[in-house]
Amino acid sequence: MRYSARTRDRYKNLVALLTGAATFGTVAATGAVTGIAAHDSALRDRARAEADAFRTASARAAAVRARQRIPWSPLVTVLKNRPHRTVVHTVVVHRVSRPGVASVGAGAPVSAPPARAPAPPPAPAPAPSSGSKP
Amino acid sequence: MSAARWSALGTYVHLATGDPADLPGARRIAEDVLAEVDRTCSRFRGDSDLVRANGRPGRWTPVDPLLVAAVRVAVEAAAVTDGLVDPCLGRALVNLGYDRDLHAVHRRPHPADRPPPPPQTGCWRDIGLDPDGALRVPEGCALDLGATAKAWAADLLAAEVVDQLGLHVLVSLGGDIRIDGPDTPRPGWTVRVTESPDDVEGEVVALAGGGLATSSTRARRWRTRHGVAHHVLDPRTRRPTDEHWRTVTATGATCVAANVASTAALVLGRGAVPWLREHGVTARLVRRDGHLTRTGGWPAAPSTGRCRP
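Here the protein sequences line up with chains V and U, keeping their order.
If you want the numbering used here, it's the 1-based position in the first sequence plus 9.
If you want the numbering used here, it's the 1-based position in the second sequence plus 117.
Everything labelled a hint here was simulated from the structure, so no lab data went into it.
Just to be clear, a hint being listed does not mean it is correct.
One side only, chain U facing chain V, incomplete, derived with CB under 8 Å [claimed, not checked]:
1) 194
2) 199
3) 200
4) 210
5) 273
6) 282
7) 325
8) 326
9) 328
10) 359
11) 369
12) 377
13) 414
If we take Cβ atoms under 7 Å as the criterion, some of the chain U residues that face chain V in the derived model are [said to hold, decoys possible]:
14) 223
15) 370
16) 409
Here a beta-carbon is modelled for each residue, glycine too, at the ideal position from N, C-alpha and C.
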């Protein structure tokens, strides 16, 4: 191929075009990459900010929930009133509940009443026995 | 001597003191004690601690320590009789139709009994007791303290009167008698032993102290589909005893001890006399036909050896 001035110009123009195209393409590509990178960075910043906001909000909400949970949370010890009443004298209850109170035998002597003992009162209904003092 | 009579725990209360001036104070104490026993130990009050515990078999239930003390005595009664006096007969009594106050049972137009629950002897050993105020009724059981609670209440009541007022006192809860005092009075108290409230014959004896209890199959009876039932059950069959003896009166160091002996004798039937003698119990037994048998130091009646049939 003859290399002439016209050819040279055309070649130069072609190279310039190609270079320009390449440059444009490079610029365009770089811009796109840069744009993407910039976009990613913005997203990361936004995500980080959102995450920070979320964490802050969560911590605040958790604190609120914790405060609300105190009255009924099973983790909190609540003093309950048990039905712990001993109205009958404690000493007496223990005395008549100590081991041996149900042991049969060894009762007090039973005897015929004294001859001059007054007549016992009528048996109170509806039971089989009653008592009186002489 | 002065005495007061009123109703409590589904039966009568007979309270006697030596000095009439002491009676009002003693009665106030008695009413307080009996109200507490009824509130905690009744099987017929929906708000009682016993009903709450029976409604949670197999689980611990917070209850009044007074009920724990009453159940402890019932468990001891089962232990000393090898289960003849068993507090775990609540379900059997309910199935027999005795599921409410006896007056209400009598008002029913038709019997309400069901087949008895399967035999479950010895479950009293599984009763859980916490003296601070908790009770565990064994799985499949319901407690009935009828065999001991009334007598225990008589012991408790008398001890409370002695503790607070320092008096000699006699209390009878439906025939379960306790005599107590700061010292033993002589010649003691005379007690007429009868089988029914309208029995004017009976037998009069003197007793210086301790307990005297009468158990009878002639009281607390009701209709069932299979005939008349009574409240003394044989834990081995979960059915009413066969009534070889219709009434047994026994003595003991306490009213509980006396009542345990009289109830065990009814359950044992023919084997009661050797058992009572083996345990040194002074007792008076009335056979179904009215024949009288005495054990220990029970005095011979001057007039007759029989009761009315």
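Now for the hints, and whether the structure bears them out:
1. 194: 4 Å, holds
2. 199: Residue 199 (chain U) check fails; min Cβ-Cβ to chain V is 12 Å, beyond 8 Å.
3. 200: Hint violated; residue 200 (chain U) Cβ to chain V Cβ min 13 Å, cut 8 Å.
4. 210: 19 Å, violated
5. 273: Holds: closest Cβ of chain V sits about 5 Å from residue 273 (chain U), inside 8 Å.
6. 282: It is violated, given that the least Cβ distance between residue 282 (chain U) and chain V is near 12 Å, above 8 Å.
7. 325: 5 Å, holds
8. 326: Interface hint status for residue 326 (chain U): holds (5 Å vs cutoff 8 Å).
9. 328: 6 Å, holds
10. 359: 20 Å, violated
11. 369: It holds, given that the least Cβ distance between residue 369 (chain U) and chain V is near 4 Å, below 8 Å.
12. 377: Since chain V brings a Cβ to about 5 Å from residue 377 (chain U), closer than 8 Å, the hint holds.
13. 414: Check passed: Cβ of residue 414 (chain U) comes within 6 Å of chain V, closer than 8 Å.
14. 223: Interface hint status for residue 223 (chain U): violated (12 Å vs cutoff 7 Å).
15. 370: 5 Å, holds
16. 409: At about 14 Å, which exceeds the 7 Å cut-off, the nearest Cβ of chain V leaves the hint on residue 409 (chain U) violated.
Hints 2, 3, 4, 6, 10, 14 and 16, counting from the list given before, are not met by this structure.
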